[in-house]
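Going down the list, the protein sequences come from chains G and C. For reference, each letter of the first sequence is one residue, going 0 to 248 in numbering that gives the first Met the number 0. For reference, each letter of the second sequence is one residue, going 0 to 318 in numbering that gives the first Met the number 0.
Note that these hints are calculated values from the structure, not bench results. All values reported here derive from a predicted model rather than from experimental measurement. You can trust all of the hints, since none of them are fake.
Straight line, CA to CA, 35 Å or less: simulated DSBU-like cross-link-like pairs of lysine-lysine:
#1 G:K102 <-> G:K208
#2 G:K102 <-> C:K118
#3 C:K179 <-> G:K86
#4 G:K102 <-> C:K179
#5 C:K210 <-> G:K227
#6 G:K31 <-> C:K118
#7 G:K152 <-> C:K10
#8 C:K184 <-> G:K47
#9 C:K1 <-> G:K221
#10 C:K198 <-> G:K15
#11 G:K51 <-> C:K179
#12 G:K152 <-> C:K181
#13 C:K198 <-> G:K145
#14 C:K210 <-> G:K226
#15 C:K210 <-> G:K15
#16 G:K152 <-> C:K179
#17 G:K219 <-> C:K118
#18 C:K223 <-> G:K226
#19 G:K102 <-> C:K181
#20 G:K145 <-> C:K10
#21 G:K86 <-> G:K107
#22 C:K210 <-> G:K51
#23 C:K118 <-> G:K227
#24 C:K184 <-> G:K52
#25 C:K210 <-> C:K198
#26 G:K49 <-> G:K66
#27 C:K223 <-> C:K316
#28 C:K179 <-> G:K52
#29 C:K184 <-> G:K49
#30 C:K179 <-> G:K47
#31 G:K86 <-> G:K196
#32 C:K181 <-> G:K49
#33 G:K49 <-> C:K210
#34 C:K181 <-> G:K47
#35 G:K227 <-> C:K223
#36 G:K187 <-> C:K210
#37 G:K107 <-> C:K179
#38 G:K227 <-> C:K316
#39 G:K102 <-> C:K1
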Amino acid sequence: MKVLVCAKRVVDSNVKVRIKADGSDVEIEHCKMSLNPFDENAIEEAVKLKEKKLVNEIIAISIGTDKCVETLRTAMARGADRAILIKTDQDNHEALNIAKILKIITLKEQPDLIILGKQAIDDDANQVGQMLAGMLDYPQGTFISKLELNDNKVLISREIENGTEELELSLPAILTADLHLNQPRFIKLPQLMLAKKKAVEIVEVSSLKVELSNSTRTIKVKDGEIKKDCQMLSSAAEVINIINNLNLN
Amino acid sequence: MKILIITNQVKNSLNSSFNNLLSCVQNIGNNYTTCDVVVVGHDLNSLCTKISTYKRVAQVLAIDSPVLANLLVENIATQLAAIVRNYTHVLINADSFGKNLLPRIAGILELSQISEVIKIISPNIFQRYIYAGNIIQEIESFADVKLLTIRASSFIPDLELRTEAAPIIALEYNNPISSKVKYIKSNLTDNSINLSNAKIVVSGGIALESKENFNNLIRPLAAKLNAAVGATRAAVEAEFTSNDTQIGQTGSTVAPQLYLAIGISGAVQHIAGMKDSTSVIAINIDANAHIFEYADYGIVADLFDIVPQLITLLDQKGE
Ligand SMILES: Cc1cc2nc3c(=O)[nH]c(=O)nc-3n(C[C@H](O)[C@H](O)[C@H](O)COP(=O)(O)OP(=O)(O)OC[C@H]3O[C@@H](n4cnc5c(N)ncnc54)[C@H](O)[C@@H]3O)c2cc1C
Ligand SMILES: Nc1ncnc2c1ncn2[C@@H]1O[C@H](COP(=O)(O)O)[C@@H](O)[C@H]1O
Chain G
0 MKVLVCAKRV VDSNVKVRIK ADGSDVEIEH CKMSLNPFDE NAIEEAVKLK
50 EKKLVNEIIA ISIGTDKCVE TLRTAMARGA DRAILIKTDQ DNHEALNIAK
100 ILKIITLKEQ PDLIILGKQA IDDDANQVGQ MLAGMLDYPQ GTFISKLELN
150 DNKVLISREI ENGTEELELS LPAILTADLH LNQPRFIKLP QLMLAKKKAV
200 EIVEVSSLKV ELSNSTRTIK VKDGEIKKDC QMLSSAAEVI NIINNLNLN
Chain C
0 MKILIITNQV KNSLNSSFNN LLSCVQNIGN NYTTCDVVVV GHDLNSLCTK
50 ISTYKRVAQV LAIDSPVLAN LLVENIATQL AAIVRNYTHV LINADSFGKN
100 LLPRIAGILE LSQISEVIKI ISPNIFQRYI YAGNIIQEIE SFADVKLLTI
150 RASSFIPDLE LRTEAAPIIA LEYNNPISSK VKYIKSNLTD NSINLSNAKI
200 VVSGGIALES KENFNNLIRP LAAKLNAAVG ATRAAVEAEF TSNDTQIGQT
250 GSTVAPQLYL AIGISGAVQH IAGMKDSTSV IAINIDANAH IFEYADYGIV
300 ADLFDIVPQL ITLLDQKGE
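With the hints as constraints, model all of the structure from the sequences given.
So this is what it looks like as structure tokens:
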């Protein structure tokens with residue numbers, strides 16, 4: 000069985016991004032970059048399936064500039080067997096374009112499972128997996144926190160508002176990982192060294208003959224933080240007083 | 000301008016975000032702008048009647064079938080995609096139903112989508128959070144059909160009624176039923192008060208130290224205040240409380256009138272889910288905790304001292 004996992008290169012979750020001087024966009028030029036945390040969960044799950052001998056090949060794919068090779072090396076250190084970079088000249092793309100590219104790769108590689116993150120922590124779009132499933136008419140298990148694979152079916156548990164929902168999907172299927180799916184393991188140095196030696200297949204996006212178009216444009220960005228002046232209290236009685244005076248009904 | 004809202008039934012009643020989505024209709028157009036509403040699910044009669052009473056609603060389209068009781072997207076997306084094509088704007092609440100469904104429709108139609116809109120500037124220009132809420136992005140869409148998931152808590156509900164009910168049109172369910180997916184079951188937690196529309200949220204962090212403490216301190220305090228229970232990811236990972244109580248970038252987004260943050264450091268990913276709360280009270284032992292920067296009121300104290308005192312004081316008040 001073959002699993003395709005997605006690996007997006009994003010600004011590390013500990014970095015506070017800045018806005019460009021002209022306010023046109025965020026400045027990510029010198030930021031520390033990482034593998035999208037949800038994609039770590041996606042890869043970890045694929046690796047666990049491989050350890051259980053239910054899967055024999057894990058292919059990691061990233062779409063973006065040359066720099067994504069580094070992201071793919073991390074994916075391979077985490078256990079992906081091989082990696083494909085779809086090379087473009089842009090750091091970020093509309094989710095629809097990513098889904099269109101992934102569709103072509105899926106049809107070429109014919110994986111049984113495609114595991115993506117539920118969202119990328121930069122644009123927080125939460126779209127690509129579902130879009131890809133719609134394009135391919137594959138069943139989708141989104142925001143999953145549990146997975147059980149047998150023969151040609153996958154049983155998943157997905158996070159919803161008041162609990163979870165269990166579905167059984169037939170393969171091929173598309174899954175998107177919630178952070179609760181698993182605890183990605185630490186990468187050991189030897190794995191990292193080994194991954195450095197593995198080759199990354201580089202495919203120019205132009206060679207895929209896919210029609211990419213943009214139908215959105217960022218006009219500007221601004222600070223989204225809401226900082227407040229905090230009035231300090233000194234006793235529980237004062238806290239209760241404040242609550243009573245808020246006039247909550 | 001033709002606007003469509005897609006909605007569903009939640010526990011036999013109208014999705015609580017519905018009226019917030021109605022106010023987006025006015026924001027896209029003007030005070031006279033109306034919309035169509037398509038409702039999917041099973042046993043929709045009373046729900047459709049309710050929807051047909053609102054002023055902003057021109058007509059209600061109902062796709063009602065026993066097959067749709069569990070609302071599997073594989074069974075509804077194709078039919079909805081065909082309907083969506085006829086509109087300029089399509090709105091759906093950014094909850095687990097909307098986030099699951101709309102991008103699938105977008106994929107079928109090869110249209111782009113804008114997620115979690117918090118403000119409508121014009122029919123083509125929208126605002127949304129990126130980078131865990133650190134940044135607000137203003138984005139323009141050139142798509143023929145603008146597919147938008149809406150962060151309902153950012154819009155005030157439009158409750159205005161019509162004098163005469165809007166027509167309800169039953170649409171034949173004609174989507175092929177997918178053999179590729181089978182609904183097994185739902186495991187719902189019995190959180191009596193729903194996080195998404197609670198007036199007060201009492202939220203606990205990893206500082207609670209154990210599930211037992213969480214149950215003995217956070218839950219009783221919430222019960223006394225008639226509040227919903229929330230938590231940080233750290234508290235959820237430590238299994239003090241269920242996953243669906245997580246608030247933040249990757250959990251629920253809440254905007255209550257009062258948010259009580261207890262033993263929570265104030266990581267950006269947590270703030271992302273509660274920053275639109277009207278008032279925030281933080282209890283933290285560390286005077287330098289980030290949470291105080293996002294709070295209206297704070298108390299530097301050990302939660303194991305303060306929370307029992309709060310519960311006692313509320314008990315006295317109740318007597
Ligand atoms: C991709 C990604 C997504 C994430 N999504 C989310 C999300 O959706 N929601 C979320 O919450 N987090 C999320 N996180 C995790 C987030 O970064 C923080 O790790 C988490 O919010 C910290 O939880 P905490 O405040 O309970 O714990 P800590 O950060 O450890 O803070 C505990 C606080 O308790 C205080 N304290 C300790 N003892 C006491 C006491 N006796 N009395 C009073 N105060 C005390 C401490 O001073 C400290 O401030 C995400 C992280 C990543 C990388
Ligand atoms: N450029 C990319 N390269 C590889 N995978 C991606 C890319 N963009 C998005 N994805 C995948 O799609 C998921 C959801 O992203 P999004 O819909 O943009 O929030 C991510 O977690 C990745 O698994």
